[in-house]
Amino acid sequence: MIWIAWRFQRSVVCALALVALIIIGFAVVTGVMQHHDLMQLLGAPCHGAEVATPGRGDICGVLAVKLANVASYNPEIRIAGLVIAPLVGAVLGLLALVSELDHRTARLAWTQSISRGRWFAAKASVGAAIVTLILVPTAIVLSWWNGEVRGYDLFQPDTFGIAGWDLVAYGLFAFALTMLLGAVIRRVGWTLAATTILFLVVAVVFPSRVRSHLVSPTVHWSSPFATVHKGSAATQPQPFPFDAWLLVNGPVPRTIKTTPTWNDVLATQQNAFRCTSGYPHKTFAEQAKAETECYKKLDIENAAVFIADNQFWTMQLREGLLYLVAGMVFVGGAFVFVRRIEP
Amino acid sequence: MTGDDLVIETDALTKRFRRRTALNDCSLAVPRGRVAALVGPNGSGKTTLLRLLAGLSRPTEGRISVFGEEMSTSKIDLRARVGYLDQDRPLYPWWRVREILEFGRRINPTWDAEFAGRQLSELEIDLGSRVRDLSGGQRAQVALAVCFAKRPELVLLDEPASALDPVARQDLLQNITEIFADHEASVLMATHAIDDVAAICDYVIILSQSRVVLSEDLDYVLESHRLLSRGLDDGVPVPRGATVLEERRTTREITYLVRLAMPLERDGWRIERPTLNEIVIAYLRGRRAPSASSDSGLEESGAT
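For the protein sequence lines, the chains are A and B, in the order given. To convert a position in the first sequence, counted from 1, into my numbering, add 4. To convert a position in the second sequence, counted from 1, into my numbering, add 154.
Rather than coming from a laboratory, the hints here were simulated on the basis of the structure. Warning: the hint list may mix true and false statements.
[Unchecked claim] Simulated DEER-style distance windows between Cβ atoms:
| # | chain 1 | residue 1 | chain 2 | residue 2 | range |
| --- | --- | --- | --- | --- | --- |
| 1 | B | V321 | A | E346 | 31 to 37 Å |
| 2 | A | L328 | B | G290 | 54 to 60 Å |
| 3 | B | N196 | A | E346 | 18 to 24 Å |
[As the list claims (entries may be wrong)] Here are some chain B residues the structure puts well away from chain A; computed CB gaps all over 10 Å:
| # | residue |
| --- | --- |
| 4 | R205 |
| 5 | S211 |
| 6 | I261 |
| 7 | A322 |
| 8 | T405 |
None of these values were measured; they are calculated from a predicted model. Glycine is no exception: its CB is placed at the ideal position from the N, C-alpha and C atoms.
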C-alpha cells in the first residue's frame, strides 16, 4: 500500500521538492554572500561605517552597496519560507485524499481486498512523511539563513515562523487540515479554497493572539525617569535585552496584579494625563515636576514585558506541538468522514 | 432454496440519499453460479444496488447479504470475494496499465497476475501505455481484467459496455462471455441493453422506480410469458391463469402480453412467444409483477 500511496503522488512530490530546493539554494547563496559582506563591513577598515578609506577607494561604500543588493532578496526568501510549508502540506493533502474522492478513483481501491482504514493510514502516513522530508532541510537552511542575516538573532516576530522546526509543523498542519476539509467537501477546488482561507486565518490569529501566551514573559520594572550617562550625554536605559521579543513597554501602576498589556499602558497614560492637568505646567520644568509627582502618587513605573531570546526554542516547541496536536485531531476527523463516505 | 444456494439475498432493502429514495423495499435472491442481469431504466436503482453489494455504501433500512454474510464497508474478507466493475471505470488516468495491474497485485492476495497479463496481451493492449491514452473500449477491458484478476466468487458489473462503439461493445461482451466460461463465478450485471442479457445471462432481475418487479430464471421468464392475439370483435375471454401485463390494440386486432400460471388452452387465441425485450418493457411500463396465480393483472379491463 505504501508503494501505491507513493506512486500516486511521486510526480507532484518531485515538483514540490524542486521548489524547496530552489528556495534552499537561493537562501544558501544569498545567506553566504550576505554574511561575507556583513563580516567585511563590520571588520577593519570599515567597522560598520560606510566611509571612504583613503588610498583604497570607497571600499566600504562598495561593500555597503553589495550588502544592500544581497539583502534586497530577504523579503522574497521570507515570503517563500512562509508559503512553502502550507503549499507542500495542502498540495500533498489534496493529492492523498481529495483528488481520489473527487475523481472517484477511491472506488477502485475501496472495492479491493483492503480496508479503508489501511488505505487511509497509508495515504496519511506517506503524505506526512513526504511533507516532513521536504520541509526538514528547508527549515534547517532557513533557520541558518535567518541567523546569518539577523546576526544570530532568531527571535523576531516576523521571522519566527521560518526559523526553527515550526515550518515542518505548519506543513503537517496544512496537510491534515486539507485532508479533513477534503473528506467533508470532496472537491479539489473548493477544498483548496477553504484550506487557504482557514490557514490564513490561523496564520494571522495565532501569532497575534496565541503565540505570546506560550511562555511566561519577563516583566522588568524600572523608573520612567532613570537615565544613563555616557560621557556628557544622558539617555534612558534600554529596559529589555536587544534580542528579546518585546510585548509591552510603557508606564503601568506597580500595583497591577496581572501581566501588563498595552491597554494597561494606555489607561495609565490617560490617568497620568488627568493627574498632571491638575498641576501648573507652563514650563518644561513644571511639566516634568508634575509628571514626577503624579507618577509617584499613582505608583507608576515603567514595565517592559518581553520574552527573552533563550525562550525561542521553548516557544518553537510549544507552538509546533500545538499545530501537530491540531493536525492529529484533523487527521482523526478525516478518517471518521472517510469511513462514512459513500463514493 | 437454502441460504447456501444463494449468492445474493436482500430483504426489504431501502437506500435513501437525503430526500431521494434510490431503492425501496427491495427483496431479491440470486442463486449461486448464475449470470444474472439487472435491468431497469435510468434512476431505477441498479447502480445503488450494486454499490451496496460491493460494500461501497450502507443500506438505510433492510438487510443485504452476500454468500450468506451481511455485507458492510468494513468486511474485507467478504469484499475480497467480490469483484466490482464501476460504470465510470475509475482507473488512475496517468498510470501505466502495468502499474494498474501492480496496484491490483499488491492489494489482492488472490490476484491472478498471469490471467490479467494474458487477457490484456490477447487484446493487444500495451502494458506500457498510460490509461489516459487508451480508447474507451481498451479502458473497459483493463477495468474488466482488474475486476476478474482478483479471482472473485461474485462479479458485479455496472453497465460494462455502456458508452462504447458497437465494435468495442461486441469485443467486450465476447470477452466477458469467455471469462464467464473460464471462471466459476456468479455474476450480476446491470445493463440497459436487453440484447446483452439474452446473449450472456441466465437470470433476470427487473428494477423499476426503485423496486424489484421481477427476479427469475431467464428460461422460466421466456416460457411463462406469451403474446395472445385475437380480432377485436371475437369476444374470447383471457384464458384462466393468464395475467395481462400489457395490451396493444390496432384497428382490427387486440394483443395481450400475459404471464402464465398454468399451461395455456388455445381457445381461439393466436399465441406467440414474446421477445425478452417485449417482456422487460411490459414490466417496466406496468412497474409491478403480478403474482403468477393472480388475476389481478395490471390491465385486464376489456379482456373478455
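Consistency of the hints with the structure:
{"no.": "1", "hint": "V321(B) / E346(A): 31 to 37 Å", "result": "holds (35 Å)"}
{"no.": "2", "hint": "L328(A) / G290(B): 54 to 60 Å", "result": "violated (46 Å)"}
{"no.": "3", "hint": "N196(B) / E346(A): 18 to 24 Å", "result": "holds (19 Å)"}
{"no.": "4", "hint": "R205", "result": "violated (7 Å)"}
{"no.": "5", "hint": "S211", "result": "violated (4 Å)"}
{"no.": "6", "hint": "I261", "result": "violated (4 Å)"}
{"no.": "7", "hint": "A322", "result": "holds (21 Å)"}
{"no.": "8", "hint": "T405", "result": "holds (52 Å)"}
Violated hints for the displayed structure, listed by number in ascending order: 2, 4, 5 and 6.
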